[in-house]
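S.K.: Using the sequences plus the hints, can you model the full thing?
Okay, here's what each chain looks like letter by letter:
2 protein chains.
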Amino acid sequence: MGVAETLVSKATVTDRPCFLSIAEAAKLIASRELSPVELTRSVLERIDETDARVHAYATRLDERALDSARNAEAAIGRGENAGPLHGIPIALKDLYYTAGIPTGAGSDVLSGFVPSHDATVTQLLRQAGAILVGKTVTHEFAYGQNVPPTRNPWDLERTPGGSSAGSGAAVAAHSCLAAMGTDTGGSIRMPASVDGVVGLKPTYGRVSRFGVVPLSWSLDHCGPITKTVEDAALIMNVIAGPDPRDPASASVAVDDATRSLREGVRGLRLGVPSNYFFDRIHRSVGSAVERALNVLEDMGAVRVAVEIPHVELSVPIGIGILMPEASAVHQSWIRQQPSRYDDGTRRMLEAGELVLATDYLRAQRARSVIKDEFKRTFQNHRLDALITPTEPTAATRIDQMSVDFGADELEPFFSVFVRQTIPFNVSGLPALSVPCGFSEDNEGGRIGVGLPIGLHIAGRPFDEATVLRIGFAYESATAWHTRRPPI
Amino acid sequence: MGVAETLVSKATVTDRPCFLSIAEAAKLIASRELSPVELTRSVLERIDETDARVHAYATRLDERALDSARNAEAAIGRGENAGPLHGIPIALKDLYYTAGIPTGAGSDVLSGFVPSHDATVTQLLRQAGAILVGKTVTHEFAYGQNVPPTRNPWDLERTPGGSSAGSGAAVAAHSCLAAMGTDTGGSIRMPASVDGVVGLKPTYGRVSRFGVVPLSWSLDHCGPITKTVEDAALIMNVIAGPDPRDPASASVAVDDATRSLREGVRGLRLGVPSNYFFDRIHRSVGSAVERALNVLEDMGAVRVAVEIPHVELSVPIGIGILMPEASAVHQSWIRQQPSRYDDGTRRMLEAGELVLATDYLRAQRARSVIKDEFKRTFQNHRLDALITPTEPTAATRIDQMSVDFGADELEPFFSVFVRQTIPFNVSGLPALSVPCGFSEDNEGGRIGVGLPIGLHIAGRPFDEATVLRIGFAYESATAWHTRRPPI
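Protein chains in written order, with my numbering: chain B, 32 to 518; chain E, 32 to 518.
Check each hint, because a few of them may be wrong.
Any copy will do: because identical chains look the same in the list, a pair fits if it lies in one copy or spans two.
Here are the simulated lysine to any residue pairs, SDA-like style, with alpha carbons at most 25 Å apart [said to hold, decoys possible]: (1) Lys402 / Gln362; (2) Lys406 / Leu292; (3) Lys402 / Ser363; (4) Lys402 / Asp277; (5) Lys402 / Arg157; (6) Lys406 / Asp329; (7) Lys58 / Ile107; (8) Lys58 / Leu292; (9) Lys58 / Trp511.
Calculated from the structure, these hints are not laboratory results.
M.R.: So, in structure tokens, the structure goes:
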């Protein structure tokens with residue numbers, strides 16, 4: 032404890048409010064020490080300053096954002112403050128429908144597409160007073176094997192992660208205060224981990240996907256990428272809840288996610304899997320997570336060794352579901368305009384058309400086995416959360432196709448970055464990635480140095496509150512989130 | 032109105048209580064005018080009398096049944112009556128698990144299989160005091176293209192319908208007081224219709240399928256086949272409700288299904304589709320349903336012409352889901368012991384393995400369109416129920432492969448008997464078949480004479496109460512249920 036919880040010292044505020052967290056900015060806006068226009072200008076300047084190198088944005092909305100900021104400011108002048116997101120500049124992954132604003136999904140197929148309505152999440156964020164400064168770069172339809180132009184703010188030669196590449200990089204570069212991502216196999220948590228920011232994949236059904244370009248209905252999740260855990264809670268308070276327009280939306284009551292944030296971790300039982308999740312990871316990752324567990328234990332949490340049977344099947348199960356569902360989404364488009372897809376995306380979509388229904392159904396049945404194993408693990412050990420490394424390594428080089436874990440063979444990029452996260456898409460459990468340090472040496476050339484590492488905290492269904500509470504306690508004790516990338 | 036509501040005159044009771052309805056028998060058991068042993072003996076004698084010709088039973092349980100009946104009687108002696116099913120002899124389709132009693136599912140594959148536990152429904156019926164007199168014949172795994180030995184009690188040369196063939200025939204023959212069936216494309220309502228008895232397919236998720244051999248998870252329903260509508264309500268009161276052991280079980284509160292039974296139909300709005308359901312049916316069927324609608328209108332119901340867009344896609348959608356789901360269930364068995372399947376079943380299961388996942392997913396997506404159309408129809412017209420013919424014709428001859436509706440081509444048997452019912456498996460809406468008369472002439476050799484016809488009453492999700500209420504009012508006014516087959 033005892034480490035400062037604020038991102039910036041008060042002195043910096045007036046200079047560069049883009050570096051503030053949502054919670055900090057909201058407080059200053061509420062007390063009229065900071066104006067939404069001032070804050071938005073600072074963010075737009077920060078985009079000017081960084082985005083020619085980071086390439087986080089697919090579409091910038093400077094004029095609209097300033098208009099919105101002036102309206103937000105006027106509302107405050109009238110004594111109307113919509114809450115913690117009022118006047119806060121945010122960005123949306125370019126899969127979220129934005130009425131009157133192009134939504135390209137990273138693909139030529141949607142080039143020129145301008146939705147006539149907002150996604151539910153877009154609408155909720157607008158109603159809460161958030162200022163949309165732009166749409167962020169995504170892999171093509173969140174699926175593409177293409178390399179987006181986006182770069183990691185910690186090292187411009189390295190990947191920002193994907194598919195929510197632009198959202199992760201923008202938050203890390205402080206070129207927005209927060210951004211929305213989507214997560215089908217890990218696409219929120221992977222960028223969060225490698226970009227040194229916070230990413231939350233909520234419980235399946237918790238946040239509406241209406242108006243978000245789908246990848247795989249039964250695995251897709253919408254969630255926030257933020258600078259701090261508290262900010263993730265503030266966004267969840269706005270976007271979580273039932274929506275009849277998303278058939279998978281759960282009618283489960285939503286509590287204030289910030290309420291229990293400061294309750295600490297004393298007595299909480301944290302499961303640490305003895306199988307799978309620590310089997311093939313870089314040394315820096317293992318020791319960062321181990322230190323994080325020590326920090327949590329020092330604060331009173333109880334560490335419990337657990338085994339999660341069959342969890343290693345999550346990748347074949349997840350991919351066996353994802354591929355045909357994605358192919359079903361794109362089936363008519365790919366017949367009409369195959370050449371507008373990137374080659375890698377098209378090959379994946381074509382391959383998914385060859386999957387048999389019985390194999391898909393077998394994957395869905397096996398999925399329920401995995402769900403049951405997670406449920407049993409939580410019940411049998413009376414766990415409050417599961418702690419794992421978000422990713423087995425740090426950000427790889429842009430041109431790097433595989434990773435060396437010291438095994439006989441190099442592991443392909445795709446496998447590396449999906450295998451730790453996809454079990455939580457398959458199970459639907461809520462999962463948070465929080466920065467937990469930096470890689471320390473290059474381990475014989477296998478990993479970059481000084482790159483962010485992510486701690487993964489997964490919880491019971493619809494118990495985002497506990498996940499955030501643990502993340503907040505850890506973040507407050509370590510303050511990794513106050514470190515800034517060199518850009 | 033004015034027609035007697037009872038199945039038998041009081042005088043018959045002591046002679047042949049097997050001819051009683053559940054409600055009638057329960058009243059006499061409660062007043063100790065009829066003993067469970069006496070009733071069970073009468074049913075076993077009726078099986079002796081009819082089953083060498085009807086072949087409704089796959090397994091008889093005479094000794095166990097008499098033991099249970101004696102226990103039921105002893106309980107009553109102690110003043111313990113478990114309710115309306117206490118001491119009532121019933122039968123179960125041979126797909127329902129029965130602890131310690133063979134469960135063959137109509138297949139050599141399960142020959143010799145003796146489950147160690149009961150299905151949830153089996154258990155609930157036992158707890159309610161019902162006496163299990165036997166397991167009834169089913170098409171192989173409720174899917175087979177084989178012709179089971181079972182015959183229609185109204186004409187032994189004709190089909191009893193399927194796949195709940197034995198359950199329908201046993202209830203019609205009065206060789207049990209009621210029986211459980213399963214319905215994936217119409218397998219409760221088809222036998223009910225052609226055997227002149229009552230069949231209820233509840234809302235999807237209303238009755239647990241745990242311990243029932245599956246055919247197609249997303250279309251399977253369990254429900255009762257009974258002599259009267261009130262009896263269906265009495266069984267629903269026992270078997271309906273959430274069950275964590277069936278993942279599709281709905282956590283929707285269950286009301287007493289008999290409570291509103293006698294409230295009549297005054298002011299109820301009955302939708303009669305102008306498309307699809309009356310397009311290709313025999314004249315006897317059309318006029319029986321028309322007369323039934325007149326009876327309901329005379330009692331104060333309001334007839335509303337409606338159109339249900341896209342409902343004609345229910346057959347390809349339903350079959351596109353059913354086939355691969357069935358193949359997924361049987362995939363490993365069929366590889367291990369292909370020769371133990373009937374040829375027709377095996378061919379269907381093999382064909383289902385060729386369905387692509389994208390086609391299956393397309394069918395599931397189209398299914399949600401059908402669901403929406405039904406929902407919209409109910410909402411826009413403020414309907415209480417939809418009225419259609421259960422089947423387009425009456426029972427066909429055992430060897431008959433197709434039916435002549437006067438069109439250019441004969442229609443294959445399978446299509447004839449599934450097309451009117453499967454829309455309600457696809458939509459999941461509750462649906463009841465009630466006897467509504469008999470075929471009157473042979474329509475140029477196209478239909479048998481003097482055979483039962485069924486009226487189909489479908490309702491809003493989880494509104495079995497209204498469906499039963501309409502069925503009860505109609506049944507009370509017409510008393511078709513008091514007619515006995517010639518056997």
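S.K.: Taking the hints in turn, state whether each one holds.
M.R.: Hints versus structure:
no.: 1; hint: Lys402 / Gln362; verdict: between (29 Å within a copy, 22 Å between copies)
no.: 2; hint: Lys406 / Leu292; verdict: within (24 Å within a copy, 42 Å between copies)
no.: 3; hint: Lys402 / Ser363; verdict: between (32 Å within a copy, 23 Å between copies)
no.: 4; hint: Lys402 / Asp277; verdict: both (22 Å within a copy, 15 Å between copies)
no.: 5; hint: Lys402 / Arg157; verdict: neither (35 Å within a copy, 32 Å between copies)
no.: 6; hint: Lys406 / Asp329; verdict: neither (27 Å within a copy, 56 Å between copies)
no.: 7; hint: Lys58 / Ile107; verdict: within (13 Å within a copy, 73 Å between copies)
no.: 8; hint: Lys58 / Leu292; verdict: within (17 Å within a copy, 61 Å between copies)
no.: 9; hint: Lys58 / Trp511; verdict: within (22 Å within a copy, 75 Å between copies)
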